[in-house]
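*Asks:* Build the full structure now, drawing on both the sequences and the hints.
Residues per chain, in single letters:
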Amino acid sequence: MLGAAGIGAALVLTADSYRLVVAAVALAAVLLLALAVARPFPSLIPWPLVILAGIYAWNLGGGEVDQWSPVYAGAMLGVAELAYWSTELRGRAQDAERLTERRAMLIATLSLVAVGMSGLVLAATSLPIGGGVATDLLGVAAAVAALAAVAALARPRA
Amino acid sequence: MKRTASPKLGAYAGLAALGLLASLALGRPELAVLASPFALLLFAGLAATREPEVLVWVELDHDRVVEGDVVTITVDLQARTPVERLELHIPLPDSFELVEGANPLTLRLAWDEERTTELKARCKRWGAYLVGDLFLRAHDRLELFAYEGTLDRRTPLKVYPRAEELRSLVVPMETQVFTGNQVARTKGEGIEFADLRHYEYGDALRRINWRASARRNELWVNDLHPERNTDVIVFLDTFVEAREEKESTLDVAVRAAATLADRHLKRKDRVGLISFGGYLNWLLPGSGIVQLYRVIDSLLDTQIILSYAWKGVDVIPARTLPPKALILAVSPLLDERAVTTLLDLRARGFDLAVLEVSPVAFASAAEGEREELAYRLWQLKREALRARYQRVGVPVVEWREGAPLEGALAEVGAFRRQARYSRA
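From first to last, the protein sequence lines stand for chains A and B.
Just so you know, the first sequence maps onto residues -1 to 156 in my numbering.
Just so you know, the second sequence maps onto residues 14 to 437 in my numbering.
Derived by calculation from the structure, the hints in this document are not laboratory data.
Where hints are given, some of them may not hold.
Cβ-Cβ distance ranges computed for the label pairs, FRET-style [stated by the list, open to error]:
1) A:Ala122 x B:Gly23: 50 to 60 Å
2) A:Thr133 x B:Trp124: 37 to 47 Å
3) A:Gly52 x B:Gly23: 17 to 27 Å
4) B:Thr17 x A:Gly60: 38 to 48 Å
5) A:Gly114 x B:Thr85: 25 to 35 Å
6) B:Thr87 x A:Leu0: 37 to 47 Å
7) B:Thr85 x A:Leu0: 42 to 52 Å
8) B:Lys15 x A:Ala143: 43 to 53 Å
9) B:Gly40 x A:Leu25: 21 to 31 Å
10) B:Gly23 x A:Leu25: 34 to 44 Å
11) B:Thr17 x A:Gly61: 23 to 33 Å
12) A:Gly114 x B:Trp124: 25 to 35 Å
A virtual CB, placed ideally from N, CA and C, is assigned to each residue, including glycine.
*Replies:* Here it is as structure tokens:
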């Protein structure tokens, strides 16, 4: 919750215009996340992140490449992991192996690794590989192939 | 084990796809950067996931315990693959109370790790149980998948009814011909003095009462009461029960029946059982420790089977009711069929005593004028029923859980003495 509020606050502070609207939408995202965690509704958790990402995209406008995007990426992953963890905590069996500490460490590590990996991705986007419809199509195909791979890996096994 | 995806898997895939496509559509690499951690975590998790292999054994420290005893359930685990989070749940019967250990339990197992966990549970109600069904749920390191399965490691556990304190038993009207611990009303070879009579040809010299003979100048001999056994039939009414939360009249009745069977068998009596209810279950009279186990095993299977069919004394096999048998009925006296059958048994000349397991304690307090009136009428009806039994010479004694059973049985003796005095 605090992570989502922090992202929202950062987006409000970095917004060039319509700060009030941005703040209202960010607040709505935080409240939605609170609802998703409190009820709990795990299927609702991605939507506050989509809203926050939408605000971020709107803030970007047509300006320069944002160098802070890896930090946002790491923070969003951290928020998502913490939100799913909090929904799992309900009715969970008693911990006996310091699993809570291990999970907290894992989430912190994942967020830090995400920042680093996103930085690499951001650096890769600055490589001059040209542009055009063919590159866009290749990108779409790569995205679809990635989703297909995920779906294939995730299909239920007997 | 069945693999199920966590809600996170679909959400991360959706977020990654949305971010990548939005990045392409808007021409902003930052959105691809936002999506990349979700996509990378997804790929890493999917590539690394593997079905956990865990071997499980379940063992109980006893296969027979008495109500109130604690049984230890030992679970041995051996992991062939590492398991980040393993949730283990052993569903215990409702009447078991966990006194030590956690259930469900979460564990982390490393490669080839062997682990033993113990659960201690108190068995609060008699019965025959199967303990050891296991529910396992293993999670991968990134919590993208859960592997769930059920393992059947059930082990039989018999929980015997707790015996009530009992030193004296109901004295039967008549005894059988075999040797036992009950002083018969008849005269014969025995220890207990019965009467004096004239010496007759063939009487043993050791039976001559020399004091009486010297006083009367003729030979008198002692008559003795022989020690005989009794045929006792425990008649358990299983038509209906009164229940409140986890305790019922049947629970109490089975405890009383088991205690009576145990004490009579220890007194060398032959004990049989008739479980008279939705279905009829019986055991022919027998004696010894084997018969005790037979009776108790039969009692453990006792349950209330709802039936609307009329049943009377005619459905009871004749061999289960030997002549001169003492019938100890344990009943809440709630069902007309059981009530009528007991009266029929008395009409056929059986020596009958009714231990009424009172359902009054299980009835919630009356609230309101009508309820109070109904409650009073119900109690009056029960009084009338008891009087109906007493009119035909059947003692009906009320027994409630917590009160000494011996006190209730003493009332049977008192009633019989009183009844005999009244007839005299």
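*Asks:* For every hint, state whether the structure bears it out.
*Replies:* Structure-based check of each hint:
{"no.": "1", "hint": "A:Ala122 x B:Gly23: 50 to 60 Å", "in the structure": "violated, 27 Å"}
{"no.": "2", "hint": "A:Thr133 x B:Trp124: 37 to 47 Å", "in the structure": "holds, 46 Å"}
{"no.": "3", "hint": "A:Gly52 x B:Gly23: 17 to 27 Å", "in the structure": "holds, 20 Å"}
{"no.": "4", "hint": "B:Thr17 x A:Gly60: 38 to 48 Å", "in the structure": "holds, 44 Å"}
{"no.": "5", "hint": "A:Gly114 x B:Thr85: 25 to 35 Å", "in the structure": "violated, 50 Å"}
{"no.": "6", "hint": "B:Thr87 x A:Leu0: 37 to 47 Å", "in the structure": "holds, 44 Å"}
{"no.": "7", "hint": "B:Thr85 x A:Leu0: 42 to 52 Å", "in the structure": "holds, 45 Å"}
{"no.": "8", "hint": "B:Lys15 x A:Ala143: 43 to 53 Å", "in the structure": "violated, 28 Å"}
{"no.": "9", "hint": "B:Gly40 x A:Leu25: 21 to 31 Å", "in the structure": "holds, 29 Å"}
{"no.": "10", "hint": "B:Gly23 x A:Leu25: 34 to 44 Å", "in the structure": "violated, 27 Å"}
{"no.": "11", "hint": "B:Thr17 x A:Gly61: 23 to 33 Å", "in the structure": "violated, 44 Å"}
{"no.": "12", "hint": "A:Gly114 x B:Trp124: 25 to 35 Å", "in the structure": "holds, 29 Å"}
Of the numbered hints stated above, those contradicted by the structure are hints 1, 5, 8, 10 and 11, listed in ascending order.
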